[in-house]
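Protein chains: 2
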Amino acid sequence: MLNGIKPIASKSMAERVETSLREYFAKENFKPGDPLPTELELAASLGVSRNVVREALSRFKMLGIIETKKKSGMVISNPDIVGTFEKVLTPEIMDEATLQDLFELRLVLELGIADLLFIRKTKEDIAELEEIAAGEVKGNNFRINNEIAFHGKLYEMTGNETMKRFQNLLLPVFGYVMKLENKKYVSGKITHKDLVRILKKGTVQEFKDGMLSHLQPHLDRLRQTK
Amino acid sequence: MLNGIKPIASKSMAERVETSLREYFAKENFKPGDPLPTELELAASLGVSRNVVREALSRFKMLGIIETKKKSGMVISNPDIVGTFEKVLTPEIMDEATLQDLFELRLVLELGIADLLFIRKTKEDIAELEEIAAGEVKGNNFRINNEIAFHGKLYEMTGNETMKRFQNLLLPVFGYVMKLENKKYVSGKITHKDLVRILKKGTVQEFKDGMLSHLQPHLDRLRQTK
Chain Z
1 MLNGIKPIAS KSMAERVETS LREYFAKENF KPGDPLPTEL ELAASLGVSR
51 NVVREALSRF KMLGIIETKK KSGMVISNPD IVGTFEKVLT PEIMDEATLQ
101 DLFELRLVLE LGIADLLFIR KTKEDIAELE EIAAGEVKGN NFRINNEIAF
151 HGKLYEMTGN ETMKRFQNLL LPVFGYVMKL ENKKYVSGKI THKDLVRILK
201 KGTVQEFKDG MLSHLQPHLD RLRQTK
Chain L
1 MLNGIKPIAS KSMAERVETS LREYFAKENF KPGDPLPTEL ELAASLGVSR
51 NVVREALSRF KMLGIIETKK KSGMVISNPD IVGTFEKVLT PEIMDEATLQ
101 DLFELRLVLE LGIADLLFIR KTKEDIAELE EIAAGEVKGN NFRINNEIAF
151 HGKLYEMTGN ETMKRFQNLL LPVFGYVMKL ENKKYVSGKI THKDLVRILK
201 KGTVQEFKDG MLSHLQPHLD RLRQTK
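As they're listed, the protein sequences go chains Z and L. The numbering of the first sequence is my numbering, which starts it at 1 and goes up by one. The numbering of the second sequence is my numbering, which starts it at 1 and goes up by one.
Possibly wrong hints are sitting among the right ones.
Copies of the same chain are indistinguishable here, so a pair counts whether it falls within one copy or spans any two.
[As the list claims (entries may be wrong)] Okay, derived cross-link-like pairs now, EDC-like style, lysine to aspartate or glutamate, Cα gap no bigger than 20 Å in a straight line:
#  : residue 1 : residue 2
1  : Lys61     : Asp80
2  : Lys70     : Asp34
3  : Lys27     : Glu86
4  : Lys11     : Glu67
5  : Lys201    : Glu130
6  : Lys61     : Asp95
7  : Lys27     : Asp95
8  : Lys193    : Glu156
9  : Lys189    : Glu39
10 : Lys31     : Glu131
11 : Lys31     : Glu181
12 : Lys61     : Glu15
13 : Lys61     : Glu86
14 : Lys153    : Glu130
15 : Lys153    : Asp125
16 : Lys193    : Glu130
17 : Lys193    : Asp34
18 : Lys27     : Glu128
19 : Lys31     : Glu96
Just so you know, these hints were derived from the structure itself, not from any lab.
In isolation and in its complexed conformation, chain Z is listed as follows (with noise of 0.2 Å):
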């Protein structure tokens, strides 16, 4: 390689007018429900084809910043930032290190959610928690779908709906990694059962400390391959 000189940029057509269109989406000051301009107009102002406008919207379209209403045609739309993740998130064709830096991720919002847990949680939430933890029983099979219940609805009870989904689908790729290092599932003394006791009736410390005995081998995991 030659100092001094940069490569030509190789991004592809509808890279450009992704570019372009978003930066005209900024700069106009788009909101959900403004209507679009139509593909034909947007081809003729970007000097591009009309097929490679179509390219570009149909990201947008995937992304969910552009819906297509029956009446109105091309709309701004509020995105779907938990949908598109999903998207994307393909444990099979992933690096182990980005799965590894998920795993990692889903550990620290479970260690994390406490504060947020005793501002939220209801009496009607506890009990349905009971009764998953009263569920937590032998076989590995199990214990993966009931260890998913259980987070699960320690997240639903967040009423964050966003981090609510955002953790469904990293407690799969959580199972992925311990299935890639060959791992059953571990936890520490602290049980479902035990976390569910404490938040009837401990304090958000005690919750605190109850998770972390929980994750423990996860986090001595982490600790060995330092």
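With chain Z's structure known, arrange chain L on it following the hints.
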């Protein structure tokens, strides 16, 4: 609406091709680097036009699931999950509920980061963090930048590239929500300098308490709007 009769799915052709290709990739167990059939072959097998195939492939390219190599054509690739998240994270057109969710997500990450941080922290990291904290002074605008630098560095110290990039995307949302609510950045009694000091000489539990105190005003606000 009639009972027992469902509306015909109104998915676009590109969406249907996207779904078919996802199933095909999974069934054939495609891995990063594996070459894909050509547009023409895919179009013929799917019984759709080449334009529709191109549109669907373009979506996969945006997600980083497919990339075009100069010599070998299209291959399966390790997707860029944070990059995709970035493409969809557009605070200007996101509804307030989602912004609020992301605000809380950032809080939870911040509150849960201590254990990972204490496993991974190095002397060099702490020295750098100390320097950033020393710049913690007057002026709201400066404070926002300093806030981003400080908390961004904390995430970098976890050695988790995905979390760091994810957090860097969430920090502006944080600022955006504060602005929406016409709030200034308020910190609890514990400042950045205090946090560095604890990170240097204190215990992980002291750091957790410190971070909680640092973020307390935000939690108080959530408690009020419960």
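Check each numbered hint against the structure and report the violated ones by number, ascending. 9, 10, 17, 18
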